[in-house]
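The task is simple: from the sequences and hints, build the whole structure.
If you read the protein sequences in the order shown, they are chains A and B. For the first sequence, this note's numbering assigns the number 948 to the initial residue and increments by one for each residue that follows. For the second sequence, this note's numbering assigns the number 948 to the initial residue and increments by one for each residue that follows.
Errors might be hidden in some of the hints.
Note that identical chains are pooled: a pair holds if it fits in a single copy or bridges any two copies.
30 Å max Cα-Cα, derived BS3-like pairs, lysine-lysine [what the hints assert, rightly or not]:
#  : residue 1 : residue 2
1  : Lys1125   : Lys1112
2  : Lys1112   : Lys1068
3  : Lys1130   : Lys1422
4  : Lys991    : Lys1031
5  : Lys1003   : Lys991
6  : Lys1125   : Lys1427
7  : Lys991    : Lys1396
8  : Lys1130   : Lys1141
9  : Lys1147   : Lys1409
10 : Lys1100   : Lys1031
11 : Lys1409   : Lys1422
12 : Lys1100   : Lys1112
Since the hints were made in silico from the structure, they are not lab data.
Protein chains: 2
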Amino acid sequence: MTEVGRLYAVLSILEWDQQTQMPPGGAAARAEQIGTIYTIYHEKLTGGQTGMLLEKAASESPAPDSDEAAFIRAARHDYDRATKIPTALAAEVARHAALSEGIWRKARKENDFGSFAPSLKKTVELSRQMAEHYGYQDDIYDALLDGYEPAAKTSEIAAMFADIKPFLIDLTQRIVDKSGGKKATIPGDYPTAKQAEITKKIVAQLGYDFNRGRQDPTTHPFCISFAHGDVRITTRFDESYLQGALYASLHEAGHAMYEQGLPEQWEATPLGEACSMGVHESQSRLWENLVGRSQPFSEWVLPQLKEAFPSALSDCTVDRYWRAVNNVEPSFIRVEADEVTYNLHILLRFELERELLAGRLSVDDLPEAWNARMAEYLGIRPATDSEGVLQDIHWSGGSIGYFPTYTLGNLYGAQLWFAIRRDLPDLDSQIRSGQFADILTWLRDRVHKHGRKYKAADLIAKATGERPTAEPYKKLLSEKFGELYGL
Amino acid sequence: MTEVGRLYAVLSILEWDQQTQMPPGGAAARAEQIGTIYTIYHEKLTGGQTGMLLEKAASESPAPDSDEAAFIRAARHDYDRATKIPTALAAEVARHAALSEGIWRKARKENDFGSFAPSLKKTVELSRQMAEHYGYQDDIYDALLDGYEPAAKTSEIAAMFADIKPFLIDLTQRIVDKSGGKKATIPGDYPTAKQAEITKKIVAQLGYDFNRGRQDPTTHPFCISFAHGDVRITTRFDESYLQGALYASLHEAGHAMYEQGLPEQWEATPLGEACSMGVHESQSRLWENLVGRSQPFSEWVLPQLKEAFPSALSDCTVDRYWRAVNNVEPSFIRVEADEVTYNLHILLRFELERELLAGRLSVDDLPEAWNARMAEYLGIRPATDSEGVLQDIHWSGGSIGYFPTYTLGNLYGAQLWFAIRRDLPDLDSQIRSGQFADILTWLRDRVHKHGRKYKAADLIAKATGERPTAEPYKKLLSEKFGELYGL
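Shown next, in the form of structure tokens:
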């Protein structure tokens, strides 16, 4: 498994280099290099001995709560998912994803859903076939979700989402009514070099270890891990919009601190990985939103930002900064959405994915279904499919089942946050004075160090004392945005 | 073979990232990642099918001068060298090299040859064993040389080296007598950022294609290729010594333009590689010394340097610049040596390597042999082993047989240069006006595009019309340094 893990790390290095360093001329050969390593990775994972060794290990019956048993469960999960798909289908899926992404890029650019529809139909059909091979008990969506949120149940997620949906629609509407479209901003000129410097300085103070990482600029920010000692993040810079880089950095550093805190003794094995995509997103959202968009954090960070950008921010008050980074406004693009409306974007996608997969919605009817739900949930209707159904890359690549993990991250994050607040009564004053070590230590002990030992819901229950629910999240939003917008 | 080639490219990417980007914490895992890929690379190269396929291909008897026949010869060469060494010996060599490098670093730092001597004895002994497995006809040194300069004969190289040795000793002595220790320099303050910018601008004008490459800072400059479309260089900056970065960039760009000109249709195969290390070095030295340290180049480049560094260079004349970049002075450290004395450093190492390998010199007597020869060839005697026998990394890693390729590069380079001059009568005025395209096209046609199709000596003969000799090199140095030093 370690050999498989190292090969996966090498794939990640090739990917990182491609996104951050590679000259344009290297693209064709890079695809070949990635293909070569991926083939070997897949052969090693699924090849002759793995299944036999896993059975042999399981037959030694390690204690169910031991690391060894957890290792076998995690390895078994990955092995099963990799071997259940017939080679011909896997090849077709890979080929289709590669073609489909190009078609989607063109369609989005030209606002032409019709040209993408046949690809998406095939994606849905292939996803159904994959799901049948993976197998499921209650809901075909479970089989796909399991690839991102192992062992999660669609029914449980749907119940939580049903709980927050009317709450979010109502909260959004009340904010819109109250703000009257007035936007809180901190306009100014923020030179890229200074942004790069200050964002690094800030995430280093949060606890992202640059001795085991680095930050580079890319079009789309991401975090990627090659090893316990090498976890890299990227961000993007807009010289007129400081928040873009700053909160992307906080978000990716949240992911990265999780990876830097995974159990080193299980590095490059399934047990040394993150618990789930939802738990991963809980870490990035916690640092980005619950720490980074809090009032105490605003008090702490603003003086540093003023020092870096005196001409843009010298007159900015903490209150104005805090309001600017928490501005709520229904908008079309998910990745630019605020803390309140973001999850409505996700709910919409989750619902549409389930309906597509179950055959209750046809691809041809998808754009209208999208637009109708945008109007219903957010009160706005996209004028074009490019800013509607065509905006995300996920469906082009075949990643059906991924979207709900974003909202799970927000729910888990809020639940963890109340548990942290319970255990650290002076949390606000710690943040106000730039002390983040206790927060990070708490997360290390309750979340990071367990790697993939537990199911996500069990990990959250162990960490917080309660099974995952949407209550903490609703409470948090009600309190914060109630205060911000005087609701 | 393409799969093997892609795996080798991936190893190179891991290496480049390690040298230029990796945070310190990534080192341990990187060693594991490299180990994983190297093992697979070696298995794929030497594994079950390769030998059989090579025999099958050879049995189809392609015309001896065809690309196909050359492909088989090159692949056979690599396969044979990889398979002739028993696994146990290969493992011991790798283990010893890893240990030995650490011991050497410590010994060099502490000026303690005694602590390195046992390692070096073992390196010599292992090299002898390797050579016996590789096999040879005339000279045991041939077997090691063949790893860097395929099919080259030690006897032929020794003959050329014997030809230049008295010439170089005499030329060095006459220059020292004439200069009286007076040093030509261009002191000043050269900010790193400006050096990075101007060196990129200059190598781009020479013909290094940044669309298929990039330049980064490292402790030791190098060139590394991942593909026809991705060939990267590095350089190092010293803010008080402009020449360091500029000529390292020219040198590495020379290597890189060769790699960028290799036959694209044979990418990632043995035929798509460089002919030999000697031919590689001929390209770097040609651009660094024969173009870059010429009088016409000085005329062309100085105005650009003045624009970049006005305060340091505003008073500098072309003549002063030209003399500064051609200052000759016996010194202890090979990598800092000038164009005249450099090869005496190599000759000394070549002689000592041959004597060690043949058992005519013992490791214990090596420091004294080194120092005595330094005194004889260069007229100076190292005060410490750190600036003598301990200075190079090569012997720590087991690279016996590599050194002569540096001087072969200088000889080949000079011979190519006279052929270029013959074919391009207005060469000097082309360089003076910054036109390098004809030089590069000449090298592309005569050297680069052939990849590894010919033996080095045959390639040079085809390109220049004459078998390799030392005459052009002696003529070139006599003319240039005769003029510079009024000899």
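Verification of the supplied hints:
1. Lys1125 with Lys1112: within (20 Å within a copy, 89 Å between copies)
2. Lys1112 with Lys1068: The answer is within: 28 Å in one copy meets 30 Å, while 75 Å across copies does not.
3. Lys1130 with Lys1422: Only inside one copy: lysine 1130 and lysine 1422 sit 24 Å apart there, 77 Å across copies, limit 30 Å.
4. Lys991 with Lys1031: Both: 15 Å inside a chain and 27 Å across chains, each within 30 Å.
5. Lys1003 with Lys991: both (17 Å within a copy, 29 Å between copies)
6. Lys1125 with Lys1427: Result: close within a single copy only, 15 Å intra versus 83 Å inter.
7. Lys991 with Lys1396: within (27 Å within a copy, 37 Å between copies)
8. Lys1130 with Lys1141: Within one copy only: 26 Å inside a chain, 43 Å across chains, cut-off 30 Å.
9. Lys1147 with Lys1409: neither (33 Å within a copy, 56 Å between copies)
10. Lys1100 with Lys1031: Within one copy only: 20 Å inside, 57 Å across.
11. Lys1409 with Lys1422: within (21 Å within a copy, 81 Å between copies)
12. Lys1100 with Lys1112: Within one copy, since 18 Å is at most 30 Å while 80 Å is not.
Checked against the numbered hints given earlier, this structure breaks only hint 9.
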